[in-house]
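Q: Each chain, letter by letter, is given below.
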Amino acid sequence: MGTHKGAFILSSDGKRDRWDVNGPHFAGWEVYHVKGSPAQPSRIYAAPSGAWQGQQIQRSDNGGISWEPVGNGFAFAGPAGMHRWNTGAPREWEFARIWHLEPSLTDPDTVYAGGEDAALFRSTDGGEKWHELAELRNHASASTWQAGPCGMCLHTILLDPNNPDRIFTAISGAGAFRSHDGGMTWHQSEAGQCVHRMTMHPSNPKLLYMQKHGGVMRSNDGGTTWENVNGNLPADFGFAIEVHAHEPETLYAIPLKSASEQFPVDGKLRVYRSRTGGTKWEPLTTGLPQRDCYVSVLRDAISVDTLDTCGVYFGTTGGAVYGSADAGESWTPIVRDLPGVLSVEVQTLA
Amino acid sequence: MSRVRVLVGTRKGAFILSADGKRDRWDVSGPHFAGWEIYHVKGSPAEPNRLYASQTSAWFGQQIQRSDNGGRTWEPVGNAFVYDGVPGTHQWYDGTPHPWEFARVWHLEPSLTDPDTVYAGAEDAALFRSTDGGLNWSELSGLRSHGTGPSWQPGAGGMCLHTILLDPVNPDRIFVAISAAGAFRSDDGGTTWKPINHGLRSEGIPNPEAEVGHCVHRIALHPSNPDRLYMQKHWDVMRSDDAGDSWTEVSGNLPTDFGFPIDVHAHEPQTIYVVPIKSDSEHFPLDGKLRVYRSRTGGTKWEALTTGLPQRDCYVNVLRDAMSVDSLDPCGIYFGTTGGAVYGSNDEGDTWTPIVRDLPAVYSVEVQTLP
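Residue numbers (the working numbering), protein chains in the order written: chain A, 4 to 353; chain P, 30 to 400.
Hints were generated in silico from the structure; no laboratory data involved.
Glycine included, every Cβ here is placed at the ideal spot set by N, Cα and C.
Mimicking EDC-like on lysine to aspartate or glutamate, the simulated pairs with C-alpha atoms at most 20 Å apart in a straight line are: (1) A/Lys18 with A/Asp308; (2) A/Lys209 with A/Asp163; (3) P/Lys318 with P/Asp286; (4) A/Lys271 with P/Asp56; (5) A/Lys260 with A/Asp239; (6) P/Lys330 with P/Asp270; (7) A/Lys260 with P/Glu66; (8) A/Lys271 with A/Glu332; (9) P/Lys51 with P/Asp376; (10) P/Lys307 with P/Asp286; (11) P/Lys307 with A/Glu33; (12) P/Lys318 with A/Asp23.
So the derived label-pair ranges between C-beta atoms look like this: (13) P/Gly124 with A/Cys153: 28 to 34 Å; (14) A/His134 with P/Thr382: 50 to 56 Å; (15) A/Gly234 with P/His296: 55 to 61 Å; (16) P/Thr336 with A/Thr147: 54 to 60 Å; (17) P/Asp49 with A/Cys153: 41 to 47 Å; (18) P/Ala109 with A/Glu138: 46 to 52 Å; (19) A/Gly217 with P/Phe89: 20 to 26 Å; (20) A/Asn231 with P/Ser174: 55 to 61 Å.
Next comes chain A alone, as it looks inside the complex (with noise of 0.2 Å):
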């Protein structure tokens, strides 16, 4: 977990109703993002930062018992190029942080991270070094970029497990893009620019889900075309979204009442399941709290385990993390009273 004051992990067997709490790592710093690598889990890269120090990027190879800083030196391929600030008024390229870190599916040296102002860097020897996939700044829309109430950042990288060569990120107020070629060219898709999320399922690559200021959108192919399944749900904003591990068809999304109230509506934590790849969904609520509620759930803070049945991770605002073990039919806060939670990642291991 990546917190508003440091790293927290969390660890349990596979019954998952008994969790070991280890932290704060980086204590007092900014953790924006903890991630594992798929290829060799051991491997963890994290992404403190701070206004008054900078942005570090730290490394563990034993499962993040220690961690050492690798590179920080996030440069801008060639000129910084302009984009446009909240006001709508051109301004200069500026590096401010890494919100993301992708740690490759294959190759565990090898690790992408997302920026802002928005950009995608890709580092091949273990987080050393650090080169920008510059083309996709080079896009023909870039100029029309708009940085929202949180900055431009670039909050998702998604790697097509199937297909080595294909890349998706999204970036809050320029959108969702798409690459065939390992990211040399991009190709920006029709959802729309305040895209908050983007998710996808392993076993079918070409089926994804968003969650956009304005609802939760559905493409069947790769992101070419988008549909609207909000459905049912209570509100049209929110940030979080996820994909069961076993279902494709089954996601997890967390309604918040508007982009200026920035809570659950009614005061109620509900996540919603849908079962039927949007459109129809439905509340979970046993173990969450139902009264006096006001925290959000930002886009980076839910995660999903592999074991059967399926685990569900989010945390808050307020600095609790909430677990099911059961697909989301029941849930236990894990904790209550870390830092604001900016981040959750789970890590199924043997």
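Based on these hints, arrange chain P on the given structure of chain A.
A: Just chain P now, with coordinates in the frame of chain A:
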């Protein structure tokens, strides 16, 4: 039977928690001003149904809201906070001159006697007063212009005037505190001011015992003895017995002397409460245990209060304006966390209960004791 009303300012709105004198069952109302940052909500001691709220937003700027019915309905009043004369400069973080610029109101302090008179503490640090219920605001600029103003520097949270204490015995006496300039006192109703930081010591500033430059986080007094002040600063808990003319450290056996809030028991001027925080770079309780510390001896000797508070994996913070006491017997104590919990004790801190657990991050807590 008496009642209490707890006014909670949060990152995404204001909430009002109400209970009868037993203080064991609570009604929660809100969010008011949903989605806005509410730095502070406080009621008039002279007319408790008159409430003032400071509503701010990076996008929409500052509003002041007023209620005349205990928070059921609100109306926006004046939001023109204009520095008197030429604003001049203070110091930026790096020591260079920086023009005074209004950002927001951190704290509202209604007069003890007149419901239409209210003081406002601003960032960048300045003191404003309204005498018409918040419609028009004028600066008490003697504070900024008494001489040390150009040398004031911001703390990590900005350069804010966060504490305003009105002396209940001497209506001409006002105390204020500013991060990171220090504490100041006026003995003529706010016209002239002097720093009252003698005895404070702050490592990391060029002269550790300078007249100003101290990162004072909070000061508190007891109405029965307003010459005695208690202070939580960046490091150290301090006490003054002469209205701030001199200060003595009373951190004693606290596990860490960093923290933000400090408050005094309603009926025991020697009994005080703090919430120690690990350090200035790690704003959470030591060892993941949320402990309020109480001293019954005016400082120096402290005991940990833990019953009902999370004692593992707790990494929330408690901000400077987020603790308050009621005036019932036994005295009730309330504090809110950045994790959105408000804890209450109806027995002077011996035991605690979460009144709410999942509000937005709590900025401020004020209690009204009502007939």
